[in-house]
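Here the sequence shown is numbered in the UniProt record's numbering, starting from 1 and rising by one per residue.
If you're looking for bench data, these hints aren't it; they were derived computationally from the structure.
Any given hint might turn out to be false.
[As the list claims (entries may be wrong)] Only pairs whose alpha carbons sit at most 20 Å apart, straight line, appear in this in silico PhoX-like list of lysine-lysine: (1) 288 x 365; (2) 165 x 136; (3) 267 x 362; (4) 59 x 97; (5) 66 x 264; (6) 203 x 253; (7) 288 x 252; (8) 159 x 136; (9) 348 x 362.
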Amino acid sequence: MAPSSQPTHTSARPRAGRIRRAAVAAVAVLTTAGLLSACSYGSKSDDKASAKPSASGAKLSADTVKIGYFANLTHGTALVGLKQGIIQQELGGTQIKTQVFNAGPAEIEALNAGSIDIGWIGPSPSINGYTQSGGKSLKIISGSASGGVKLVVNPDKIKSLDDLKGKKIATPQLGNTQDVALLNYLAEKGYKVDAQTGDGDVKVLRTDNKVTPDAYKSGSIDGAWVPEPTASKLVTLGAKVLLNEKDVWPDKKFVITNIIVSQKFLKEHPDVVEAVLRGSVKTNAWIKANPAQAKDVANAQIKADAGNALDAAILDPAWQDIDFIDDPLANTLQAEADHAVTAGLLKKPNLDGIYDLTLLNKVLKENNQPAVADAGLGTK
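Based on the provided sequences and hints, a complete structural model is requested.
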């Protein structure tokens with residue numbers, strides 16, 4: 001699904017940073033009002049246990065490890081790794097308990113409360129959780145996924161990126177990553193939009209992903225800047241991809257999912273954290289080697305967690321657009337914060353120490369893979 005009109009690779013590079021960095025700004029500015037949520041599509045409960053393979057063998061330093069994730073394709077590493085038992089195998093007799101979330105703030109709260117120990121989560125909640133706690137709540141310990149965000153539009157109303165004036169474009173929520181990315185993109189195009197109300201040259205409507213398809217069918221919106229699988233769902237309804245966010249990033253990569261851990265749990269149970277990371281790395285390798293089977297496994301786990309599987313017309317293009325990687329793409333996180341500060345949208349956040357990639361790099365070395373960098377934001 002290639003966009004019908006996209007910026008060139010050279011001109012896209014400056015814009016990429018501004019889009020994502022503005023998103024970080026909104027996280028810090030808006031989150032105290034409860035406006036930020038992570039990207040979760042299809043999960044019907046923010047606290048749901050699902051059956052996983054049983055623990056067997058010798059226990060590590062903890063009897064159990066509590067893992068949080070979303071029933072969403074961008075959390076495919078967790079979906080596949082848990083469903084296939086790859087992560088459990090690495091943990092031996094240490095039992096996995098899972099919790100399925102709908103929103104990033106809820107997962108951060110659970111991490112802070114000790115309800116979960118490790119979680120798959122988006123970059124914006126990770127940044128917010130870290131900065132709001134003064135750098136004491138969590139560490140980002142690995143990457144998990146990149147990509148999977150698109151601007152899709154009604155082709156009868158919008159022919160190109162120059163046709164957005166006067167149109168109604170949906171985002172998942174005021175202040176979430178896609179919302180600010182759209183606002184920033186519109187500003188780059190010269191459109192004026194009030195960030196709070198969404199009024200302006202382009203009308204920005206905050207619409208829950210669950211109802212966005214109905215809004216599109218009814219004509220209430222003319223398009224949407226949304227993550228997968230919502231974007232592919234809209235395409236099945238006749239929308240077209242006008243812009244893939246990959247194409248405004250150098251190397252077509254930007255972080256969409258991280259793995260985080262409670263600092264307390266990391267300190268007390270590094271062997272358990274290492275085992276989970278070993279399972280994550282093995283899962284991503286398995287996904288790359290078995291993409292079709294992995295897609296079906298992820299969909300089966302979504303059905304178990306959310307009650308409904310995705311149709312092939314939605315699943316196939318959505319899965320294809322997501323890259324499952326171990327690298328947290330720390331440079332993109334750093335770039336987000338830097339440009340948010342430059343734009344005057346945010347006082348400089350202190351992200352020093354947000355990453356601890358020590359155990360990940362140990363696992364990668366064991367698997368003859370190159371080490372990944374923390375962009376100067378690692379544990380000192």
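Hints, one by one, checked against the model:
no., hint, verdict
1, 288 x 365, "holds, 19 Å"
2, 165 x 136, "violated, 44 Å"
3, 267 x 362, "holds, 16 Å"
4, 59 x 97, "holds, 14 Å"
5, 66 x 264, "holds, 13 Å"
6, 203 x 253, "violated, 28 Å"
7, 288 x 252, "holds, 18 Å"
8, 159 x 136, "violated, 48 Å"
9, 348 x 362, "violated, 31 Å"
Hint compliance for this structure: hints 2, 6, 8, 9 are broken, all remaining hints hold.
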